[in-house]
Amino acid sequence: MADVMTMEDIRAEASRLNIDLSAVDWNSVRLPPGEDFGIKSDDEDLNEEDSLEFDAGFGNIIVVDNLPVVPQEKFEKLEGVVRKIYSQIGVIKENGLWMPVEEDTGKTRGYCFIEYNTPQEAELAKEKTNGYKLDRAHIFAVNMFDEIEKFMKVPDEWAPPEIKPYTPGIYDTKVKMSLKLFGVTLQENLQHWLTDEKGRDQFVIRAGSDTEVLWNDARQVKADPVYKRPFWTESFVQWSPLGTYLATVHRQGAAVWGGASTFNRLMRYAHPQVKLIDFSPGEKYLVTYSSHEPSNPRDTHRVVLNIFDVRTGKVMRDFKGSADEFAIGGTGGFTGVSWPVFRWGGGKEDKYFARMGKNVISVYETETFSLIDKKSIKVDNVMDFSWSPTDPIFALFVPELGGGNQPARVSSNVMKFHVSLFQIPGKEELRQKNLFSVSDCKMYWQSNGEYLAVKVDRYTKTKKSTYTGFELFRIKERDIPIEVFELDNKNDKVISFAWEPKGHRFAVIHGDNPRPDVSFYSVKGGKVSKLTTLKQKQANALFWSPGGRFIILAGLKGFNGQLEFYNVDELETMATAEHFMATDIEWDPTGRYVATSVTSFLWRPRPPSFLSPEKEEEIAKNLKKYSKKYDVQDQDISVLLSEQDREKRKQLKEDWERWVNEWKRYHEEEKMERQMLRDGEASDVEEEYEAKEIEVEELLDVSEEVIQDV
Amino acid sequence: MRPILMKGHERPLTFLKYNRDGDLLFSCAKDHTPTVWFADNGERLGTYAGHNGAVWCCDVSRDSTRLITGSADQSAKLWDVQSGTQLFTFNFDSPARAVDFAVGDKLAVITTDPFMGLTSAIHVKRIAADPDDQVGDSVLVLKGPQGRINRAVWGPLNKTIISAGEDAVVRIWDTETGKLLQENDKEVGHKKTVTSLAKSTDGSHFLTGSLDKSAKLWDIRSLTLIKTYFTERPVNAVAMSPLLNHVVLGGGQDASAVTTTDHRAGKFEAKFYDKILQEEIGGVKGHFGPINALAFNPDGKSFSSGGEDGYVRLHHFDPDYFKIPSI
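Chains A and B supply the protein sequences, listed in that same order. Numbering of the first sequence is given in the numbering used here, commencing with residue 1 and proceeding in unit increments. Numbering of the second sequence is given in the numbering used here, commencing with residue 1 and proceeding in unit increments.
You can trust all of the hints, since none of them are fake.
Using C-beta positions, here's what the derived DEER-type ranges look like: (1) A:670 - B:283: 34 to 44 Å; (2) B:115 - A:207: 39 to 49 Å; (3) A:680 - B:130: 11 to 21 Å; (4) A:680 - B:144: 27 to 37 Å; (5) B:222 - A:207: 32 to 42 Å; (6) A:696 - B:219: 42 to 52 Å.
Read the hints as simulated data drawn from the structure, not as lab findings. Where a beta carbon is used, it is the ideal one built from N, C-alpha and C, also for glycine.
The task is simple: from the sequences and hints, build the whole structure.
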């Protein structure tokens, strides 16, 4: 069927064959299976489904190569050896070991296939026995059966890689193709959403199976949909830190979505059973994590981590191991992995990432994806570490058991802590501070990396309780001065601590009452000074506006969603609100709106502003001047809205009145009948409630009195 | 103004009714004694003792002399409002539910629940001017709908009876022939049990509340849907202001779920809507359980609500309420 028939041809053909076209039930026509008559289906979903299929179903089979070649007599012995090796790792399926033999000689061919119950076991077997030395001549080469096909495709001759023309951003070839069809070669701008004329922000919300991205349009008093998709993700969605991508998580791996006007799939990252994902701060890399049930319940979970390049989708480095290796650190022995395993340092450059191991901190750099200086930093008993948000500096703290310079009479369970600051790549220690009688430490960096606050819980003299103090490091100043600071009542428990973003102030919720106090402090000029204390607040969490200055004192969970908006410049409460049972509070990236939610709600982050701090300050100072333009716009829209609204209301009102009048006519007509039903009693309300003014004179008493003439 | 808390019932409230003059408020509850209160200050005037089961509904005659009550003890009773004496008992084979006096108070409609194999029924009884002449015979018995009939009221000129109940359908019956005249359009009708029904003062339209979390306003003649009010909880009670274009919806989560959540999550507020614009105006909080009954004073200046918590709350509106701009 080379030519395409036109409708005319079809009609002519039909009349020739005496077929009434209108009588044909087209839905009953079935094409032979596999036959499409050369017409490709334009159903996109069909294609999509196919390409989504990651595993071909042979994931639980491995191929073991480089086995000794043995004659028939020794076949059983070899099989026994192989079975012994491989059944240690997992359960081999019944008849799951197959060793092919040469038909004429009966000799083995030097390889075999092993089928396990699960792909995880197969994966593990490959990992553990690849390179296994049976003897000097026979070193096992183990591959997944699925990979054979891949190896088959490798061309014998090396060909230089094709150099692809530069395109800003990454996107589906499908989109590119469809754009080409329209004769446009668009260069898709992944940050197009930032150019929104009204300067609105986007957010993603998940409810049931639907995931939806919307514009927050406060002027229109409703959200403006951008993109909606059922079953977009299998567990959660996540924005990249600068808002360029939206990541979704699936059984087969993760995917990122983005684009100028809608959300197209930009890249997929294959990682079966991925559980958690994490972007680097500059969104260059994506870390994916999965943990796998061990086949033997006595073993620990196996953990797989992949680091992908977001743009190319290439695996830059993978880490595999038992869960134990990744679950070190933190206070006390907790189980499971603390996420993120890899913490990114050096600000938005994505230059370094590090993870904590037992007595070491491993710092990797992203140029080579290997350890800096090929070795980890050795720190005995390291408990926790934390990168500066902007600089390649990290802080860590270490307890030193039975500290050396403690007087002997202090019992040995006193812990001496020290907090250190490390500079990368030099690995030099910038500052160290020793602390005594410490039970726990927590580190809080200010968003510009200017200050580091370390919350230190110390034992009291009796060792029965703890109290809290703070050590403030001023990172940007010479020699990094440290300020020690305590709350007014140092026995107060600290419930929450938060730095003002880009600012020099911080807020602390403290107190033991059910209604704790909230205090604000400033560290400007190298001294900690208290700004104010608010007594007895229903708050247990602090949420600074991204622009600083404003803060929400929130009483989540136990306090049923009480919110207080507080202006720290003026030190006054601006408003209070309540969202009953709210569990999450999210400022939009501009600090204009706040979303409180009980479901999963995420604002799309914005990249940092290109304005200099001076310029920003200038704008903040002359906000009135700049905002005038927008005020006018706001006004226009609100007038337009109210105009439409009034129109609609007027219409409704008129309709109602017409209906009422119609009914009144009936009512009037039936008046007599109603009166009859009531035995002639005037029935309707009007008569009953008529106001009459009646003057009544009543003579109460008459008495006569003679007034004597004086 | 501060609401007046009227504590007299020991069980959840079921129904509230003002007399025509608006000086008396009658309340029914699952305890066995309907109570009458001064509608102005909430003082208890007296009770009507005699029922032996939950009292579901009541109506008072135009001249405030007669009270009729329907009870789960399988009877409906006529009372002398002033003395509280029982005048007559209509006995049935199943619990009585809704009662309503016709225009002229010479007829009354009483519905009975499905019970022990009996289907639900609507009975029309003649009410004699002199209680000594009263007989228990039904003038008319209407049968047909499946499930309980929660409310039945008289249509214009006593020519029709409007009923609604568990099957979520509003029906109009002919009182002459006993025939079913109309059922509401299924497309626009309620999706779940209709729990309450309130007529407008002039009898031109009525409002139904349903467990499908909405209330609907209907034309009483044509049974055309005029308005729908959506809310976020099942509606147990509805009322319409005789003065302003306001409707009030009361309800809340299922009584069985009440103890498991905070009272703020139960949405036990009485919600005010603009009758024409179908927009929410405001709410009145206070009850600790779902609202089961609502009634407006005929003068439109106060309303009362009865809850699962056993309280009646009498609210006199503040002057501000009357300044709410309607359009």
